[in-house]
Amino acid sequence: MKIYLVASGDSRLSANQKCWPAQLEMENQLCDLIADMGHDLLRAHAYDPVERHGFLCSQRQGMDVFASMDPDIPVIVAESVWQYSHHVLPGLSTHRGPILTLANWSGTWPGLVGMLNLNGSLTKANISYSTLWAEDFRSEDFRSALQAWLQDGTYEHQTPHVSPFLPDRVEPELVSVAARLAEELIRRKAIMGVFDEGCMGMFNAIIPDELLHATGVFKERLSQSALLAAMEQVSDVEAEEVVAWLEARKFKFCYGSNPEEDLTPDQVLNQAKMYVAVCRMADEFGCDAVGIQYQQGLKDMCCASDLVEGLLNDTIRPPVHNAKGEVIRSGRAILHFNEVDECAGLDALLIERVHRALHQPVETTLHDLRWGDWDSSGTVQDYVWVFEISGAAPASHHIGGYAGSTGERQPAMYFPKGGSTLKGIARPGEIVWSRIFVAQGQLHLDIGRARVVELPERETQRRWHATTPQWPIMHAVLQGISRDQMMARHKSNHIQVVYATDAEAADRCLRTRAAFAHQLGIQVHLCGVTL
1 MKIYLVASGD SRLSANQKCW PAQLEMENQL CDLIADMGHD LLRAHAYDPV ERHGFLCSQR
61 QGMDVFASMD PDIPVIVAES VWQYSHHVLP GLSTHRGPIL TLANWSGTWP GLVGMLNLNG
121 SLTKANISYS TLWAEDFRSE DFRSALQAWL QDGTYEHQTP HVSPFLPDRV EPELVSVAAR
181 LAEELIRRKA IMGVFDEGCM GMFNAIIPDE LLHATGVFKE RLSQSALLAA MEQVSDVEAE
241 EVVAWLEARK FKFCYGSNPE EDLTPDQVLN QAKMYVAVCR MADEFGCDAV GIQYQQGLKD
301 MCCASDLVEG LLNDTIRPPV HNAKGEVIRS GRAILHFNEV DECAGLDALL IERVHRALHQ
361 PVETTLHDLR WGDWDSSGTV QDYVWVFEIS GAAPASHHIG GYAGSTGERQ PAMYFPKGGS
421 TLKGIARPGE IVWSRIFVAQ GQLHLDIGRA RVVELPERET QRRWHATTPQ WPIMHAVLQG
481 ISRDQMMARH KSNHIQVVYA TDAEAADRCL RTRAAFAHQL GIQVHLCGVT L
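Number 381 in my numbering belongs to position 381 of the sequence shown; there are no gaps in the numbering.
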């Protein structure tokens, strides 16, 4: 039997060139394995000797490649890197043969992250697919699963950790809180400020307006060019005050002298202007949350938005004054949904209301479900996930707060203009994790519990250097869910997290948010927990 192989890549040439050797190694292993099983793996698009990689790197290229393929032949989308799903989504939408999304298991080469994004996009688009991943393609478990897909054209994972939410099992007092919050949101509607939609081809991160409106939330469609214009109105003095505020709290910027590779004071001042500008635009348009696309827009015009995003998501942040001289939302976060992921934005809005009502910490952020491994130090016996947002988490999540956090230059491969991260190690504690996603034309919420653990410095450094050491990291142990169950179920590369003061409080927050979402018409699924 013939099987096609396609590889979706980045839209940034530098990333595709750097990641190609890892992708090629993975494809060679897969080709040998499938040949050993008696089948032919045919690459549907060739290596480009001019660009020096073999990825699909645009939507147009992906469409053209699929147009030349036999739509009835099975296809494997093989990923060992971060990828832009819209390169392959149009072609997969009309492909009649079986579809398999497949990834390696590596922190350094995050195919699993790219695959989860594609899986979420396929789910939203109602495209049938199977999915597999492995640390070792030679393992018997992987061979068996792949053989089953080759034989049957489908492979289904077991997800016994998922159960439907039953609102009658929630305490009446929490149901009452949820009902009040839902009534308030429908009556006094909320606004998500969207600085250009559809970051990095993440189809799964766009909520159709009619689904979002039913929850009481509406989009204010903003332009990143308007953000640049607003940044020009921020004075140098105002930017310097933001930086001075951070330094007074012992936040350390790791400066160097070469702006091409190092973080410089000018880069941080540019970010400080963005922070002030976003606060003022959120105030002007009445936005309850904002999302900045950045990657394929602002990256060629200004420094990274990540430091800005981490500051916005914290209740403790540099003060910014509006035109009337008033401090904008003093003591309140201006929720930011990284990479303009609207599913994360809606989730953050629900979190902020629930946690404020229950007098719990409101700081929330998304992370990438980046990778996982057993603790090599033996300190923690459970499987420990690496949650790692691509640049900045609120300092309130970190050990030591601002004083325990540092600012390092974003990697030049992705961020040519540089800019500081807001890096730290997530403090030990109890968290609620969640993900809103679209499936079968409806909004869904997966929600569960986890605890953040503290690992020895050497183990933390091992994990950082296996992933991206400039970014904040969270060591998370999921409750009631194995690694493969999480991979089989999760419909995004992103996962939303929020702390509670203790385990009991976290459980109450989970039940209240589940009831809140249910009241808004969202289909709620409990993952690894029971009521």
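Some hints could be false.
What the hints assert, rightly or not - Calculated lysine to aspartate or glutamate pairs in the EDC-like style (CA-CA distance at most 16 angstroms, straight line):
#, residue 1, residue 2
1, Lys252, Asp262
2, Lys2, Asp72
3, Lys2, Asp32
4, Lys189, Glu210
5, Lys2, Asp40
6, Lys18, Asp40
7, Lys417, Glu240
8, Lys417, Asp288
9, Lys219, Asp152
10, Lys417, Glu210
11, Lys2, Glu197
12, Lys18, Glu51
13, Lys417, Asp262
14, Lys219, Asp283
15, Lys189, Asp168
16, Lys299, Asp196
17, Lys299, Glu261
18, Lys324, Asp283
19, Lys2, Asp36
20, Lys219, Asp196
21, Lys417, Asp266
22, Lys2, Asp70
23, Lys189, Glu171
24, Lys219, Glu284
25, Lys219, Glu232
26, Lys299, Glu260
27, Lys219, Glu197
28, Lys324, Glu284
29, Lys252, Glu238
30, Lys189, Asp288
What the hints assert, rightly or not - Estimated spans, in silico, between C-beta atoms of each pair:
#, residue 1, residue 2, range
31, Tyr255, Asp70, 52 to 58 angstroms
32, Gln440, Pro90, 37 to 43 angstroms
33, Arg483, Val327, 42 to 48 angstroms
34, Asp70, Ala466, 38 to 44 angstroms
Simulated from the structure, these hints should not be mistaken for laboratory data.
Built from N, CA and C at the ideal position, the CB exists for glycine as well.
Right, here's what the structure says about each hint:
no., hint, in the structure
1, Lys252 x Asp262, "14 angstroms, holds"
2, Lys2 x Asp72, "10 angstroms, holds"
3, Lys2 x Asp32, "14 angstroms, holds"
4, Lys189 x Glu210, "14 angstroms, holds"
5, Lys2 x Asp40, "5 angstroms, holds"
6, Lys18 x Asp40, "28 angstroms, violated"
7, Lys417 x Glu240, "19 angstroms, violated"
8, Lys417 x Asp288, "29 angstroms, violated"
9, Lys219 x Asp152, "43 angstroms, violated"
10, Lys417 x Glu210, "37 angstroms, violated"
11, Lys2 x Glu197, "38 angstroms, violated"
12, Lys18 x Glu51, "11 angstroms, holds"
13, Lys417 x Asp262, "10 angstroms, holds"
14, Lys219 x Asp283, "15 angstroms, holds"
15, Lys189 x Asp168, "27 angstroms, violated"
16, Lys299 x Asp196, "13 angstroms, holds"
17, Lys299 x Glu261, "15 angstroms, holds"
18, Lys324 x Asp283, "11 angstroms, holds"
19, Lys2 x Asp36, "13 angstroms, holds"
20, Lys219 x Asp196, "11 angstroms, holds"
21, Lys417 x Asp266, "11 angstroms, holds"
22, Lys2 x Asp70, "10 angstroms, holds"
23, Lys189 x Glu171, "26 angstroms, violated"
24, Lys219 x Glu284, "14 angstroms, holds"
25, Lys219 x Glu232, "25 angstroms, violated"
26, Lys299 x Glu260, "14 angstroms, holds"
27, Lys219 x Glu197, "10 angstroms, holds"
28, Lys324 x Glu284, "11 angstroms, holds"
29, Lys252 x Glu238, "19 angstroms, violated"
30, Lys189 x Asp288, "10 angstroms, holds"
31, Tyr255 x Asp70: 52 to 58 angstroms, "56 angstroms, holds"
32, Gln440 x Pro90: 37 to 43 angstroms, "20 angstroms, violated"
33, Arg483 x Val327: 42 to 48 angstroms, "45 angstroms, holds"
34, Asp70 x Ala466: 38 to 44 angstroms, "39 angstroms, holds"
Violated hints, in rising order: 6, 7, 8, 9, 10, 11, 15, 23, 25, 29, 32; the structure is consistent with all others.
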